[in-house]
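Student: So you can see what is in the structure, the chains are spelled out below.
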Amino acid sequence: MTARVRWVTRVIGGAALVTTALTVWLGLWVTPPAKVMGTLARLLYLHPPIAWVALYCAFGLAALSSVLYLWRRTRSLFWDRLGASAVEVGVVFTALTLVTGSLWGRPTWGVWWTWTARLTSTALLLVLFLGYLALRRVPADPDVRARRCAVAALVAFVDVPIVAFSVDWWQTLHQRGTVLNPGLTLKVHGSMAWTMGLGFLAMTLVFVWMVLVRYRVELLADRIGDEELEVSLSERWAEGATVADAAVPLALPDAVPGAPTGRGAAVGPVPEPLGGRR
Amino acid sequence: MDLAVHFRTAVALAGRFPALSGVDLDVAAGEVLAVLGPNGAGKTSLLRACAGLVPVTSGEAVVLGCDLRKDRTLVRRRVGLLGHAPSLYDELTALENVRFAVRATGAGTDRVGPALDRLGLAGRLRRTPAARMSAGQRRRTALAVLVARGPELWLLDEPHAGLDADARAIVGSLVEEAASSGAAVVLTSHEPDLAVPLADRVAVMSGGRVAEERAGGRGAAATERVLVALSQDDVDVA
Amino acid sequence: MWRDALLVAGKDVRIELRSRVALWQVLPFAVLVLVLFGFALGPGPAALRAAAPGLYWLAVLFSTVLATQRSVAIESGEGTRDGLRLSGIDPAGVFLGKAAAVAIQLVAVQVLLGAGIVVLFDVHLQTWWLAIAASVLATVGLSAAGVLYGALSAGLRVRETLLPLLVLPIVAPVLIAGSRAWSAAVSGAVASGASWLKILGPFAAVYLAVGIALYGPLQETA
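Chains as they are written, first to last, in our numbering: chain G, 1 to 278; chain E, 1001 to 1238; chain B, 2001 to 2222.
Calculated directly from the structure, the hints in this document are not laboratory data.
Some clues are possibly wrong.
Partner residues aside, some chain B positions facing chain E, computed with beta carbon under 7 Å [claimed, not checked]:
(1) LEU2007
(2) LEU2086
(3) SER2195
Just a few of them, taken from the derived set where beta-carbon distance is under 7 Å, the chain B residues facing chain G [said to hold, decoys possible]:
(4) ALA2172
(5) LEU2175
(6) LEU2208
All C-beta atoms, glycine included, are put in the ideal place defined by N, C-alpha and C.
Between the sequences and the hints, there should be enough to build the whole structure, so can you do that?
Tutor: Following this line, the structure appears as structure tokens:
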């Protein structure tokens, strides 16, 4: 990764830190308590942004990278690493979505958990992508693992709308999109709207930063693997050379015409392990 | 001369291990190549790479005119691989196994019967599930699949292993027939005195590449000469 | 593709008939699940009757995992897996064939389970066609999703533990929609029940399509 990318990562990280701190400050001290829900409403500055990152940014990105990996023309381990990073961060955000939702639900509805559409499909999503991470931990050739994981992510992603839809048909008592209710003007006003908007920005920045960092870790791990591979390749190549050098080439009278004779293979440079694959 | 196999500094990975570390190899149509070498030299990987099962990650690899680095699935229907583990379904009989394998390639099943006969699988043996066969019988059944399919490139991984004298003789004549019909044959072996007499050429693998190549020897005298030459070279052939 | 599918399905079914794993392990297991649920819920007939559709579908889901494991195990040996790839069979054909073989087993399981809830839980289906339609669509979806994930975990040493973790959340919509549809079939509420087919249908279609498209790349992973 070039120095510029690292610099960008740092800037985004800094911006994420600042916006998050600002959100916390605005959310806890500046904005007034809400009319009905009182100080509980302050959770709204974080919960929807976290859910937005988990459900749309993370898994959208994962699905997109999976498609691009599986498509022959754009196949590159770049997409695999990106997808894996997105899922991993997404799992954390999904878990946070459930936790913050639960914290909200307990005082509001009097229960930690209700079997509503949103909660249930979010929980199922979490399990689906935990499966992805489990699959990813199974040791395999990078190419093989990438393929497997891309399919798993894609299948899981396809499942999400079906899950959401089917659970939605269950009787639901969850509040429907308070902010993005079509046809209504924003119900949240003034400083609260600002704070919530900032929350979205902050969480998105945190997400981007985490993915970038996670990507870098993944890249470095791959690079170590590649270096090890180069070493083992040249070792193996040399193993063949010792045998060939020990051999005295004999000029056989009945050499097959057209066939390469002798030990042409013994000389020449050690080949590239992954010619142009990455 | 048509080349059935053309490898140039071909590298193939088994996980993170370079099973092939830069193979240079040409096999002409109608030619029989015996591949010798110690365990772990890359013989099996070479065959699997030729069959398009193991991806070649660098170098050139063209088999039967198909560039394996572009698409390694195209060549599969046209090669026949006899692997260490015969590709048989335990619950199916010899007849059913061969019939399935032949139908799967889209070929007609009229050659199934003669192929089984050829390998000495007749009568009750044909109706025995593979699970209850001996190792030798399973190998014979796997060979019958190849005979019935008639591939353009035969890839035989230690075809002599676990076979009785009778079956070894059959292997020998099958190889000869395949070559004379214009197919190329690549066979590996740990027993040079069995493999070399069948071969037009002998390649010795070591460290995942072809370290040594010899014109081979059909016929006793030529075989003797190659074996002596190889032993003088102090090449580890088995 | 269809010819290949037929060939592969025929092979898998034949192997299943010979090995009798479905007959002696999967079917008894499905019934066992029903009986165990009976124990868990107590002998009150009302509670059992109310829970029956859900229990039925849960048993079907568990059986799907078993049948899928079996389907993968057929090609678990290195030789047979290579054989299938070398034969040049269209991967989509392999997928459809294996899914069809699993589907046939699931039909057998469901016939037995259907009889099971009638006998054990005293359930009476009012609307037969609804229950059957739901079962057919669900069977297609379950076997497609199962075989797809089976291929995903094929050749892995952790297959047995990984497969349920991957498959069960994916097929959760089938559990929901199937149970609701069957509840409706029991109570005779056709209109509300039929709407659940709108989930089972697309589920089946989506996983068939995904399987046909992605089985090829997956086959190369083992």
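Student: Each of the hints needs a verdict: does it hold here or not?
Tutor: A quick look at each hint next to the structure:
1. LEU2007: Status holds, d = 6 Å.
2. LEU2086: holds, 5 Å
3. SER2195: Violated: closest Cβ of chain E sits about 43 Å from B:SER2195, beyond 7 Å.
4. ALA2172: holds, 6 Å
5. LEU2175: violated, 9 Å
6. LEU2208: Violated, about 12 Å.
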